[in-house]
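K.L.:
Can you build the whole structure from these sequences, using the hints too?
Keeping their order, the protein sequence lines are chains D and P.
Residue numbers for the first sequence, in my numbering: -11 to 214.
Residue numbers for the second sequence, in my numbering: -11 to 214.
Worth flagging that the hints you see were computed from the coordinates, not collected in a lab.
There could be a bad hint or two in this list.
If several chains are the same, the list does not tell them apart, and a pair holds so long as it fits within one copy or across any two.
What the hints assert, rightly or not - Here are the simulated lysine to aspartate or glutamate pairs, EDC-like style, with alpha carbons at most 16 Å apart:
#, residue 1, residue 2
1, Lys53, Asp21
2, Lys0, Asp85
3, Lys141, Glu213
4, Lys45, Glu(-2)
5, Lys59, Glu122
6, Lys167, Asp60
7, Lys56, Glu119
8, Lys30, Asp185
9, Lys167, Asp180
10, Lys0, Glu119
11, Lys6, Asp35
12, Lys45, Glu10
These numbers were taken from a predicted model, which means no experiment stands behind them.
Okay, here's what each chain looks like letter by letter:
2 protein chains.
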Amino acid sequence: MYRLLVVDDEAKIREVIKEYSEFNGYDVTEAEDGMTAVGLCKLNDYDLIIMDIMMPKLDGFSACKEIKKIKDIPIIMLSARTEEYDKLFGFELGIDDYVVKPFSPKELMARVQAVLARHNSAASSAPETPEEMEFGGLVINIAGRIVTVDGEKIDLTPKEYDLLFYLVENKNIALSRDKLLSDIWGYDFFGDDRTIDTHIKNLRNALGPYRDYIVTIRGVGYKFEI
Amino acid sequence: MYRLLVVDDEAKIREVIKEYSEFNGYDVTEAEDGMTAVGLCKLNDYDLIIMDIMMPKLDGFSACKEIKKIKDIPIIMLSARTEEYDKLFGFELGIDDYVVKPFSPKELMARVQAVLARHNSAASSAPETPEEMEFGGLVINIAGRIVTVDGEKIDLTPKEYDLLFYLVENKNIALSRDKLLSDIWGYDFFGDDRTIDTHIKNLRNALGPYRDYIVTIRGVGYKFEI
DNA sequence: GTTTTTTGTGAAGACATGTTGAAGAGAAAA
DNA sequence: TTTTCTCTTCAACATGTCTTCACAAAAAAC
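P.N.:
This is the structure:
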């Protein structure tokens, strides 16, 4: 049975979350401020923490920071504030998901389930993504971020590797420049579309005999075709 | 404009919800029991239902069950009872959100908005878009933008592909040149109608044995007939 | 059957897009 | 700070694509 820690200063919110969580078979502990939450984490083990940002004594971000120092427990943040800034800031601290108030219990539960599943599959030795991907003589070692061409290791810059990996992950799917930019560079990148072209060029050159795996789709973008 | 159905036996509650909803730009229909609500749902379309649990004739849970059989309308439940049992049951029946009385109208409105947004994005972002469309030996791979004729891949220019895809998407529908132009080329295209004819010609040639799927409708335009 | 209207087709110029090398800006490492 | 590596932008070039046009062919109207 999974153990959840629910941290919020509003009793009503805690109660709703607790009831839904218990219905879903989770064991719930409540805490009403960040300080208490940190203390509880020192002494007990939890599988997941659902925590509000705005709290007395110790806010959610600070509490998150402290907890992450002690143990690697997945954290879902609650917030009434929708500003992007919070999200970014939070994610850097290792937050696993983010739910904006008012949320529906159903949605929250779905996220809890997703985060737990993600964490478990990562911890257990049954990864969804294989260690390596092979396409003829092109081998991508994911854990090591190493790419070999006919057994020979090739040098790729970080962006080149990310681009290759993304293309391969979505092989046989036409990917627009827009999508590539927002998914690899991030939605906050406001540069030129054509940057991709240059990286594609460099990547193709690096792939040598396998350069043709990367297919241009005129008027759209690129795809990895196998 | 969104249409809400408010179901509660207390006129005062209905009135409050109606007032706030209309202020927020929603169109509201009232019903005072579950039986009436089910009847209304059979005959009308609503975007969201706000329903009390405790009602005469047919309680909220039973009504919810009945309505879900008919149509997939998001439902927000109201309840004065905080017992677990209520929530559990509701959860299983596919309730989208849950508000405990006494609630603040502001909170309820926020939830209405959230549920509507979620439902809409879910509906629009996950339509039944098959991976492939087949018409005899003509296969269109949508994700990869690849068209094969009797297993053989054919080369299509961007416009040719877009045109084919649009025709197929609207198969058996007569499409005027005007409509084709504005929907494929964009409303800001001020060129010649006859441009389409040339593309149709090229597309037909590319389709080889399946060229006759594209039918000319004299005086109007073209259609994909299957 | 002839004329008129509409569509089919091939060719060619105009246009748009992708490729590429180079260079400077920027970030990371020394 | 300096050096090195990476990323981004730019512009010239090559190539592919689109649009237009003129005429042929077909269908409809007279």
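K.L.:
Give the relationship of Lys45 and Glu(-2) under a CA distance limit of 16 Å: within one copy only, between copies only, both, or neither.
P.N.:
Classified as within: same-chain Cα gap 14 Å, cross-chain 36 Å, threshold 16 Å.
K.L.:
Within a copy, between copies, both or neither: where do Lys59 and Glu122 come within 16 Å Cα-Cα?
P.N.:
neither (30 Å within a copy, 47 Å between copies)
K.L.:
At 16 Å max between alpha carbons, let me know whether Lys6 reaches Asp35 within a copy, between copies, both or neither.
P.N.:
within (15 Å within a copy, 29 Å between copies)
K.L.:
Treating 16 Å as the Cα threshold, decide for Lys53 and Asp21: within, between, both or neither.
P.N.:
Intra 14 Å, inter 39 Å, cutoff 16 Å: intra-copy only.
K.L.:
Have a look at Lys30 and Asp185 and pick one of within, between, both or neither, based on CA distance no larger than 16 Å.
P.N.:
Neither: 47 Å inside a copy, 55 Å across copies.
K.L.:
16 Å Cα cut-off: does Lys167 pair with Asp180 within a copy, between copies, both or neither?
P.N.:
Within one copy only: 13 Å inside, 32 Å across.
K.L.:
When no copy is specified for Lys141 and Glu213, does a C-alpha distance of 16 Å or less occur within a copy, between copies, both, or neither?
P.N.:
Answer is between: at 13 Å across copies they meet the 16 Å cutoff, but 22 Å inside does not.
K.L.:
Are the CA atoms of Lys56 and Glu119 at most 16 Å apart within a copy, between copies, both, or neither?
P.N.:
neither (27 Å within a copy, 42 Å between copies)
K.L.:
One pair to classify: Lys0 and Glu119, alpha carbons no more than 16 Å apart. Within, between, both, or neither?
P.N.:
Neither, since 45 Å and 45 Å both go past 16 Å.
K.L.:
Within, between, both or neither: how does the pair Lys167, Asp60 come out at a Cα-Cα threshold of 16 Å?
P.N.:
neither (32 Å within a copy, 32 Å between copies)
K.L.:
Since the copies are identical, ignore which copy is meant and state whether Lys45 and Glu10 lie within 16 Å (CA to CA) inside a copy, between copies, both or neither.
P.N.:
neither (27 Å within a copy, 31 Å between copies)
K.L.:
Given identical chains, is Lys0 near Asp85, meaning Cα to Cα at most 16 Å, within a copy, between copies, both, or neither?
P.N.:
Between copies only: 15 Å across chains, 22 Å inside a chain, cut-off 16 Å.
Of the numbered hints listed earlier, those contradicted by the structure are 5, 6, 7, 8, 10, 12.
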